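Engineer: Here's the letter readout for the chains.
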Amino acid sequence: MPEHPGKNAIEVRGVRKVFGTGENQVAALDTVSVSIRENEFFTLLGPSGCGKTTLLRLIAGFDFPTAGEILLHGQDIAPLPPFKRPVNTVFQSYALFPHMTVAQNIGFGLEMLGKPKAEIEARVAQMLKLVKMEALKARRTSQISGGQQQRVALARALAPQPKVLLLDEPLSALDYKLRKEMQIELKRLQNETGITFIFVTHDQEEALTMSDRIAVMSAGKILQVGTPRDIYDRPAERFVADFIGETNFLPGTVVSKKPGVATVKFASNATISAGYPEGFDPSGEVTLVVRPEHADLVPDPAKGTIGGTLSNIVYFGTDTHYHVKLDGGGEDFIVRHQNSRSSAVTFETGAKVGIQFEEDAARVLKD
Amino acid sequence: MTTATLSPIPLSKAASFEAQAEKAGARRNRLLSLPALIIIGIFGVLPLIIICVYSFLVAAPYGGVQWQFSTDAYLNFLFQRDIFDDTLQFTPDFLIIYLRSFLFAVVTTIICLLLGFPTAYFMATRSPAQRNWWVLLITIPFWSNLLVRTLAIMFIIRDEGLINNALIGLGVIDKPITMLYTNFAIQLGLLYAFLPFMVLPLYSSLEKLDFRLIEAAYDLYATRRQVLWRVIIPLSKPGIIAGCLLVFIPALGAYVTPLILGGGVHLMIGDLIAQQFGSGRNWPLGCAQALILMAAVLVALFFYVRNTSGKLQHG
Numbered sequence: 001m002p003e004h005p006g007k008n009a010i011e012v013r014g015v016r017k018v019f020g021t022g023e024n025q026v027a028a029l030d031t032v033s034v035s036i037r038e039n040e041f042f043t044l045l046g047p048s049g050c051g052k053t054t055l056l057r058l059i060a061g062f063d064f065p066t067a068g069e070i071l072l073h074g075q076d077i078a079p080l081p082p083f084k085r086p087v088n089t090v091f092q093s094y095a096l097f098p099h100m101t102v103a104q105n106i107g108f109g110l111e112m113l114g115k116p117k118a119e120i121e122a123r124v125a126q127m128l129k130l131v132k133m134e135a136l137k138a139r140r141t142s143q144i145s146g147g148q149q150q151r152v153a154l155a156r157a158l159a160p161q162p163k164v165l166l167l168d169e170p171l172s173a174l175d176y177k178l179r180k181e182m183q184i185e186l187k188r189l190q191n192e193t194g195i196t197f198i199f200v201t202h203d204q205e206e207a208l209t210m211s212d213r214i215a216v217m218s219a220g221k222i223l224q225v226g227t228p229r230d231i232y233d234r235p236a237e238r239f240v241a242d243f244i245g246e247t248n249f250l251p252g253t254v255v256s257k258k259p260g261v262a263t264v265k266f267a268s269n270a271t272i273s274a275g276y277p278e279g280f281d282p283s284g285e286v287t288l289v290v291r292p293e294h295a296d297l298v299p300d301p302a303k304g305t306i307g308g309t310l311s312n313i314v315y316f317g318t319d320t321h322y323h324v325k326l327d328g329g330g331e332d333f334i335v336r337h338q339n340s341r342s343s344a345v346t347f348e349t350g351a352k353v354g355i356q357f358e359e360d361a362a363r364v365l366k367d
Numbered sequence: 001m002t003t004a005t006l007s008p009i010p011l012s013k014a015a016s017f018e019a020q021a022e023k024a025g026a027r028r029n030r031l032l033s034l035p036a037l038i039i040i041g042i043f044g045v046l047p048l049i050i051i052c053v054y055s056f057l058v059a060a061p062y063g064g065v066q067w068q069f070s071t072d073a074y075l076n077f078l079f080q081r082d083i084f085d086d087t088l089q090f091t092p093d094f095l096i097i098y099l100r101s102f103l104f105a106v107v108t109t110i111i112c113l114l115l116g117f118p119t120a121y122f123m124a125t126r127s128p129a130q131r132n133w134w135v136l137l138i139t140i141p142f143w144s145n146l147l148v149r150t151l152a153i154m155f156i157i158r159d160e161g162l163i164n165n166a167l168i169g170l171g172v173i174d175k176p177i178t179m180l181y182t183n184f185a186i187q188l189g190l191l192y193a194f195l196p197f198m199v200l201p202l203y204s205s206l207e208k209l210d211f212r213l214i215e216a217a218y219d220l221y222a223t224r225r226q227v228l229w230r231v232i233i234p235l236s237k238p239g240i241i242a243g244c245l246l247v248f249i250p251a252l253g254a255y256v257t258p259l260i261l262g263g264g265v266h267l268m269i270g271d272l273i274a275q276q277f278g279s280g281r282n283w284p285l286g287c288a289q290a291l292i293l294m295a296a297v298l299v300a301l302f303f304y305v306r307n308t309s310g311k312l313q314h315g
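Protein chains in written order, with this note's numbering: chain A, 1 to 367; chain B, 1 to 315.
Hints in this document: simulated from the structure, not taken from any laboratory. Treat the numbers as computed from the prediction; the structure is a model and nothing was measured. Ideal placement from N, C-alpha and C gives every residue a C-beta, glycine not left out. Some hints could be false.
[Unchecked claim] These stretches of chain B come out as covered by chain A in the derived footprint (C-beta under 8 Å, 3 or more residues):
no., segment
1, 18-28
2, 221-233
[Unchecked claim] Simulated crosslink set (DSS-like; lysine-lysine; CA at most 30 Å straight-line):
no., chain 1, residue 1, chain 2, residue 2
3, B, Lys175, A, Lys84
4, A, Lys84, B, Lys208
5, B, Lys237, A, Lys115
6, A, Lys303, A, Lys366
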């Protein structure tokens with residue numbers, strides 16, 4: 001019996017996956033545990049080689065875990081072959097059958113399940129409508145564009161009404177505009193079908209805009225699981241902060257500490273109090289992270305938390321990035337300003353400036 | 001002087017220049033294929049014409065032909081002229097040899113396909129470095145002459161050969177099993193000779209197969225058997241067709257293998273035709289037999305290609 005019946009679609013418990021034998025052994029997944037809720041848009045995010053695709057393939061059944069269990073609605077599916085799992089995959093390469101038409105591709109899963117012909121036809125028609133491909137149903141998959149192939153791949157995976165839909169970087173082959181369109185389309189499909197989506201991507205922006213929750217992975221481990229806002233605003237580790245969005249890293253030394261808040265001194269002798277994640281005990285040399293948009297630039301260096309010299313101004317249309325060479329040395333600190341019509345203050349490169357940020361904008365993180 | 005030529009050329013004229021240039025290009029391309037065409041013409045088409053002409057002539061007593069029109073060669077294929085009363089009597093001897101050859105060729109093709117497909121699949125699923133070694137291994141038989149290899153089979157399967165000696169030595173049998181000069185020997189020889197011709201085109205087809213499609217099919221609830229029939233076989237269709245043609249056609253006209261392993265007792269078409277030019281001293285009959293074989297192959301091919309392309313697409 002599952003612990004929370006009906007709550008978790010997928011539960012991954014202590015899963016390890018080792019490739020190779022003897023000295024060439026590589027642990028692609030190092031004892032990963034995660035629960036994915038029903039009707040959730042869940043994203044596995046990480047750089048290539050972090051194990052996210054391996055985890056997806058274990059859930060799909062293309063590979064089998066070295067250790068651990070994978071539960072689908074409380075039932076261990078780890079030993080089942082892919083054709084016995086009520087889980088379907090949208091492949092990065094789409095993997096559409098080139099010898100079949102669009103409609104035949106979409107109906108393939110239902111046909112293999114031995115559904116009656118009338119039911120298959122009705123469901124295929126419904127799916128074609130859902131992904132807006134009715135007009136091209138008789139085409140070969142080689143005769144349609146990349147974006148259309150993507151829709152067919154989605155329809156094919158959704159047609160058998162899987163309990164969970166797995167998506168392996170499905171948008172990576174599309175150009176920017178089409179990718180934006182498909183992101184919205186995917187979200188719509190998830191809402192309409194109510195199916196749990198597990199989405200794999202290395203694109204942090206994609207993950208932030210589409211997901212209900214994100215698991216950030218690195219080197220075979222899950223570093224943090226949370227909502228996009230959690231992950232962005234309260235990263236648990238330096239890697240997470242670095243991987244998602246732009247971040248400034250400030251080296252400093254812990255001088256005093258209260259529960260949840262540490263006071264850190266910079267090389268310039270300025271001090272600041274900043275929060276730190278649970279289960280982390282900051283001491284000695286630490287890194288402070290500040291998001292570029294959580295910092296402000298002031299003309300008077302004395303009024304800033306830290307001071308420096310403006311070395312570069314980069315205009316991005318919607319906002320402007322100010323690169324500041326810090327007085328204490330180290331990497332440039334970037335401040336992002338949203339541009340507005342009435343920007344009163346103007347800065348010039350070479351000027352002495354101060355960088356201001358609130359206490360809760362800075363966090364002390366584990367390296 | 002030059003200013004005059006700078007005036008714009010009318011569009012129609014420009015178009016005609018372009019067309020001319022295109023034509024010149026096409027002519028050059030045709031020229032490139034000329035050497036091959038000459039070779040095909042002299043050594044392919046011309047002999048075929050000679051065979052065609054000879055088949056309608058009368059046999060000279062010691063080989064060669066007499067320049068006199070006759071359809072006897074074709075009549076002789078199915079009928080025998082009685083020496084005494086000159087009537088035609090139906091004799092199925094040649095027809096039986098043809099049918100038997102077809103049967104041999106069909107059985108060879110089917111068994112080669114059944115053995116070759118798993119072999120090619122195995123090869124195609126190895127790592128790229130390993131694959132090259134497997135291809136090399138498959139082509140090793142080509143390093144020595146077919147005649148030599150066929151003689152080797154003879155030494156293996158004859159009464160005092162490797163197999164019989166081993167079985168007798170082990171006490172499994174007391175008397176040697178006769179294998180040489182039987183239909184079994186011919187069939188074995190044909191299988192051995194043509195298996196690589198099946199494996200290689202199948203391999204080249206399967207190697208190009210996108211194995212992610214197989215994963216996709218498994219993911220969509222297809223069992224292993226369904227994946228084979230619905231995905232792997234349809235997608236390796238070009239290899240299956242090429243392999244079957246490369247085995248069936250030469251197997252039908254096989255000459256060395258049935259001659260050596262059949263001991264001249266169990267004739268196949270190739271031996272029959274060769275006989276007409278040698279001891280038979282009936283060149284027109286040999287020519288007619290060769291042409292009938294060619295026609296039969298063409299007809300069989302036509303139906304085969306038409307059927308397989310249709311079936312595999314909708315199956």
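Engineer: None of the hints should be skipped; say for each whether it holds.
Structural biologist: Hint by hint, here is what the structure shows:
1. Chain A is given as covering the segment 18-28 of chain B, and this is violated because 0 residues of the stretch bring a CB closer than 8 Å to a CB of that chain, at least three being needed.
2. For the segment 221-233 of chain B, the assignment as covered by chain A holds, since 6 residues bring a beta-carbon within under 8 Å of that chain's beta-carbons and 3 suffice.
3. Between lysine 175 of chain B and lysine 84 of chain A, the direct Cα distance comes to roughly 55 Å. Violation of the 30 Å bound is thereby established for this hinted pair.
4. At roughly 28 Å between alpha-carbon atoms, lysine 84 of chain A and lysine 208 of chain B fall within 30 Å of each other, so this suggested pair holds.
5. Simply put, lysine 237 of chain B and lysine 115 of chain A have alpha-carbon atoms about 27 Å apart, close enough for the 30 Å limit, and the pair holds.
6. Between the alpha carbons of lysine 303 of chain A and lysine 366 of chain A the distance comes to roughly 29 Å, so the proposed pair stays at or under 30 Å and holds.
Figure legend: structure checked against the earlier numbered hints; hints not met, in rising order: 1 and 3.
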